[in-house]
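A.B. asks: Sequence:
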Amino acid sequence: MCARYAFFRMHVVADDFGVTPLPDLVPRWNVAPMQFAPVIVSDSEMRMMRWGLLPSWAKDESMASKLLNARGETVAEKPSFRAAFMSRRCIVPTNGFYEWKGPAGSKQPYFITRRSSELMSLAGLWETWSDGVQTLETYTILTTEPNELVGELHTRMPVILGRDDAHAWMESAEAAPALITQYPAEDMEAIPVSREVGKVSVDHPGLIEPAEEQKELF
DNA sequence: CCAGACGTTGTT
DNA sequence: GTCTGG
DNA sequence: CCAGACGTTGTT
DNA sequence: GTCTGG
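Per this note's numbering: the first sequence = residues 1058 to 1275.
It is possible that part of the hints are untrue.
DMTMM-like, lysine to aspartate or glutamate: derived pairs with alpha carbons at most 20 Å apart [what the hints assert, rightly or not]:
{"id": "1", "residue 1": "K1164", "residue 2": "E1209"}
{"id": "2", "residue 1": "K1158", "residue 2": "E1246"}
{"id": "3", "residue 1": "K1116", "residue 2": "E1209"}
{"id": "4", "residue 1": "K1135", "residue 2": "D1117"}
{"id": "5", "residue 1": "K1164", "residue 2": "E1269"}
{"id": "6", "residue 1": "K1164", "residue 2": "E1246"}
{"id": "7", "residue 1": "K1158", "residue 2": "E1202"}
{"id": "8", "residue 1": "K1116", "residue 2": "D1188"}
{"id": "9", "residue 1": "K1164", "residue 2": "D1260"}
{"id": "10", "residue 1": "K1164", "residue 2": "E1253"}
Label-pair ranges, simulated between beta-carbon atoms [as the list claims (entries may be wrong)]:
{"id": "11", "residue 1": "V1190", "residue 2": "E1102", "range": "25 to 35 Å"}
{"id": "12", "residue 1": "R1213", "residue 2": "D1244", "range": "11 to 21 Å"}
{"id": "13", "residue 1": "S1258", "residue 2": "L1082", "range": "17 to 27 Å"}
{"id": "14", "residue 1": "E1134", "residue 2": "T1238", "range": "16 to 26 Å"}
To be clear, the hints were calculated from the coordinates, so they are not data collected in a lab.
Glycine residues also receive a C-beta, built at the ideal position from the N, C-alpha and C atoms.
Please model the complete structure; the sequences and the hints are all you need to start from.
C.D. replies: Structure below.
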């Protein structure tokens, strides 16, 4: 799964997409579901949207927190994702994401990032939803089978796209299905980090610093 | 026909 | 235990 | 994903 | 909106 991530190197987005970062963007080390974060919907267009997809037909907002991720294997068919997959694919710009390993109560979080400091572009979908009172733009992140590195920690990982594939993902509905692939493990690393990242209210650069893997106290 | 679901992950 | 909020 | 709430009435 | 279950 992918349910927390970081986005703090603003300039790399400009390098890859020619997007001018939004003027009020602040760096984030702990983006959580139901929060607003930048997504790229096409060349040179970045928008703030809320994480958790709300299909246009949803009667209320209650579905959003369940649609954080979309399985790449079934995204083309599922009623909740089908329309967005055909015409509203986006890139979620990150510098890495978090995964937890271990039994409930003593889970160790890891920050998973690219070995280079390049942008980690996640494949996403977005939607516009309105109930007549308010209008929301929301997004979700595709997942796939994990590679060797992430597989040590979890059963799923986000769909990560290289620069060229990221452009193709947004532009071409024909090319999109073949881009749902497993990013190579050798380009990535997993760093054990503080359990502080579990708290949604905590957001600072120390969250991605290496930390001792915590031992059980008994 | 209408009513109700529409999703993922992890854990047991 | 289970659901909601972030 | 984890953390935190989980409830009502009346009063200020 | 569209599909499935009854």
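A.B. asks: Taking the hints in turn, state whether each one holds.
C.D. replies: Going through the hints against the structure:
no.: 1; hint: K1164 - E1209; verdict: holds, 14 Å
no.: 2; hint: K1158 - E1246; verdict: holds, 15 Å
no.: 3; hint: K1116 - E1209; verdict: violated, 39 Å
no.: 4; hint: K1135 - D1117; verdict: holds, 19 Å
no.: 5; hint: K1164 - E1269; verdict: holds, 13 Å
no.: 6; hint: K1164 - E1246; verdict: holds, 19 Å
no.: 7; hint: K1158 - E1202; verdict: holds, 16 Å
no.: 8; hint: K1116 - D1188; verdict: holds, 7 Å
no.: 9; hint: K1164 - D1260; verdict: holds, 19 Å
no.: 10; hint: K1164 - E1253; verdict: holds, 11 Å
no.: 11; hint: V1190 - E1102: 25 to 35 Å; verdict: holds, 26 Å
no.: 12; hint: R1213 - D1244: 11 to 21 Å; verdict: holds, 18 Å
no.: 13; hint: S1258 - L1082: 17 to 27 Å; verdict: holds, 20 Å
no.: 14; hint: E1134 - T1238: 16 to 26 Å; verdict: holds, 18 Å
Going through the hint list in order, the structure does not satisfy hint 3, though it satisfies all others.
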